[in-house]
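**Q** Spelled out from the first residue to the last, the chains are:
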Amino acid sequence: MEILKVKNVSVSYGKKIAIKNASFSLKDQEILGFIGADGAGKSSLLHAIAGVVSFDGEIIYKNYTYHSPKEAEKIKNEISLMPQGLGLVLYDFLSVKEHFDFFRDLRGLKKDEEYEKRLLKMAGLYEFQDRLAGNLSGGMRQKLSLILSLLARPKLLILDEPTTGVDPISRAELWDIVNEMREEGMSAIISTAYMSEASKMDRIMLFDEGEIIASGRADELIENIKDYTYEGEIESKECFSFNKRTYCLKPLNLKKATPTLEGVFFVNALKKGKKPIIFEIPKKQIDIPNIIVEAKCLTKKFGAFIADNCINLELKKGEILGLLGANGAGKTTLIKMLLGLYPIDEGELYLLGKRIKSYEDRIELKSKIGYVSQKFALYKDLTIRENLEYFAKMHGLNMSESSKKIKEYSQMLGFEEYMDNFPKEVPLGINQRFSVAAALLHEPVVLFLDEPTSGVDTVARSAFWKLIRKLKANMGISILITTHYMSEAEYCDRVAVLKRGVKIVDDKVENLHKKYPGLDFEDIFLNIYKEKQNK
Amino acid sequence: MKLNVIRAYLKKEFIDLIRNKMIILTYLIPTMILILFGYGIKLEVTHTRTIIIDHDHSKLSLEIINKFSHTKYFDVKVKNLTYKQALHKIQTNQADMIVIIPPSFSKNLYKGAEIGVFIDGSFPLRAVTLQGYVEKLLIHGFNIKLPIKIENRNFFNESMRDYNAVVPGLFGLIFLVVPASLAAIIIVKEKEVGTIFNFYSAPIKKVEFIIAKLIPPFLFHSLNIFILLLWTLYLFNVPFRGNFFIFWLVSEIYILISVGIGLLVSIITSTQVAALVLSVIITVIPGFLYSGILMPISSMDKESYIEAHIFPVMYYNHIIYDSFLVGQGFKSNENVLYFIILCIYAVALIVLGTSLVKKAIK
Ligand SMILES: Nc1ncnc2c1ncn2[C@@H]1O[C@H](COP(=O)(O)OP(=O)(O)OP(=O)(O)O)[C@@H](O)[C@H]1O
Ligand SMILES: [Mg+2]
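Protein chains in written order, with our numbering: chain A, 3 to 537; chain B, -7 to 354.
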């Protein structure tokens, strides 16, 4: 039986058409995945179905037909929408528990202790019920929004990139819950940037530039690209390479590989005539000591809670260090201590061999470090160019210097054409690159990147990693990066894994592969976390 | 209407306002405006039409007349009028101030001679300023003490203290500006942060959302009515001659008008900063101009007079001034009419706002 029928739905904002003539239907208890590049129109279609944006066309839920948000009011008690963005629906000054009270009242629900406990446990928030949402880590916020959308036990669940920034362990738990609720009769539409998740769904629809261009089961979609998928990664102007695979329309003299869903994006991009960006980054020699950052037993406490517990960390010259760990493990807190954004409660910090203690040291520290925060601290009211000019000014660059640099980086990082757009008008992948440019303007020797690839589409992520590696190779910059895409750890030289504020592993990626032969990095990570369970 | 929805939002809003310290501003700002402006509003007055009646004709009295004539503050005419005639000049608005130098003034100077000064009190603020000028001129110039009497065409303000004129007028300014900004901010904040999705996507009625959003600023500022009243009575010693219930009721209605304006502002803005700036701009200027503090509405030129009738502040302040200084209350038809007009404003603004709020992304 069909629960939802979408007929010729279009959504536009002013002149811009976000999604054009989308039609599909959803079966009872079906889980449908939306995948596609940033800005492909997935969110707009989800919003239309949830009745929060005006649309053209017709949507039929069960036997009720609606054409506008107003008509959709009648079905809103059966639908839950979780919009995209890091904990967008949360109130910073309300605690986790107060959020539950609020959402329960909002929807007129009875309190179901058992169920709520289960949701909280799943999200790893059971112990943190009194913490204000504003003090939760990025991923914890995301998970809180997620369980709040499940609170009403909706008949139709609409999730817009629910697992962005969520760690692999919680992602697996989320799927358990969704599957269980499906057994109880729920249907779901879920957009995601994690292709391993998409392949678990009953059916997938691929979006591109405002249209649904393909739909089917994961294996059906993959079938179409198997001729273009090769093993290994190559440097080429006509082929995309990412995660140990290369995608090319013209035949290559390489071994064919079993494709994954990720490949669908690359092949689609190739068919549209898109080429991988080549980053032209001039070679430079910098004369700095071998150890860039050294943290000795750094500790951070929030009240009685220890967010980081005696962490030792070394970042060497020209090294990419991946900082991994579950949500709330203390990654962002550690980076903020290294940056001087949080005072250090205990421990010592050395930068370029110099102990950082006083305020002056910290100022100097900031001029040596480039930082891109988890939320990309961009000014919404400024265009990209103005944003960059602002950052340049903050770092004390003069006008001619700054305009030269801005021009240079916008070409180098390939976002020149977007310079006069506002951040919200361009895809996340572009924002992410220009945030990196902003962090590079003052020529730091080390870059701290906090989840730069979360929520960014696959093609943009592959470009991003290319850029990161080029920066390291040609400019000799050291990079500390956090990510929840475990496959990206492969691009790091070394990874440090945090668990509940404690560093449990710090090793070269190749060594870890030796230790856990035959596993991909996500499994390696899960293994490490399980082994150190009782620590 | 679902009470649980309203309760959910109310609870959240109160927690939010208290934890984010907004509550401090809510109570600090009105009091600050009242105290700063209550003490602070002073005007420069020039070219006061002054009649000096000199009964002394001494060297000293000529000197005094000279002193008055040689400043930009006074336009002096020396006339020989009786006390009654002079008062009539003030009452018919032909003069602003009369100075009477009594016979044998210079002879009796050291025995405590007095000069009589009568100032038009119809615009009290100006009168007080003038009083200051005259005192300065006579005391510093000649070391003369003097009893100044301010003659008032609108008799009720005979006590001639500027607080009486200024402080009640500030109610109309404060309760227009502050509740509007708070209401606008707490609605727009949801848009700015993204939490507005909770409203969009849940089965909540527009009315429920709006009621829940407007109640906190309304309630918080209802308390301010009493706080400001206490300051006015006990700090500024302004009398209260009217009916407390009318004063209170009309103030609540007026706060409703203000939060209604905040609601409208929140519809056309999308950031808290913009909402704050816009709500302050559109309320401060009429709140000041037509409050009756700077200029009595009755002595405005035609255009301003008409404009003053467009904004609610004039109607409210009329009843407030009446409550403090006159006390006619609803015995005056004008007050009744003004009260009705205010009720219409409140209903119209909120109904308009509610119909304009969209429960969807723009
Ligand atoms: N200001 C604060 N007050 C109280 N607790 C805080 C505060 N800031 C962070 N925390 C807590 O510290 C812990 C670590 O947070 P942190 O942001 O470092 O996590 P993270 O590893 O970056 O997680 P994520 O992967 O979700 O981004 C979390 O439990 C968080 O709730
Ligand atoms: Mg983090």
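Errors might be hidden in some of the hints.
Said to hold, decoys possible - Below are the PhoX-like pairs computed for lysine-lysine, each with C-alpha atoms no more than 20 Å apart in a straight line:
1) A:356 x A:377
2) A:112 x B:-6
3) A:426 x B:-6
4) A:22 x B:354
The hints are simulated quantities; they were obtained by calculation from the structure and are not laboratory data.
**Q** Checking one constraint from the list: CA of residue 356 (chain A) to CA of residue 377 (chain A), max 20 Å. Satisfied?
**A** 30 Å, violated
**Q** Does the alpha-carbon distance linking residue 22 (chain A) and residue 354 (chain B) stay inside the 20 Å limit?
**A** It holds: about 18 Å lies between the C-alpha atoms, which stays within 20 Å.
**Q** Is it true that the CA of residue 112 (chain A) sits at most 20 Å from the CA of residue -6 (chain B)?
**A** 15 Å, holds
**Q** Hinted pair, alpha-carbon criterion (20 Å max): residue 426 (chain A), residue -6 (chain B). Please report holds or violated.
**A** The given pair, whose Cα atoms are some 36 Å apart, is violated under the 20 Å limit.
The structure is inconsistent with the numbered hints 1, 3, although it conforms to all the rest.
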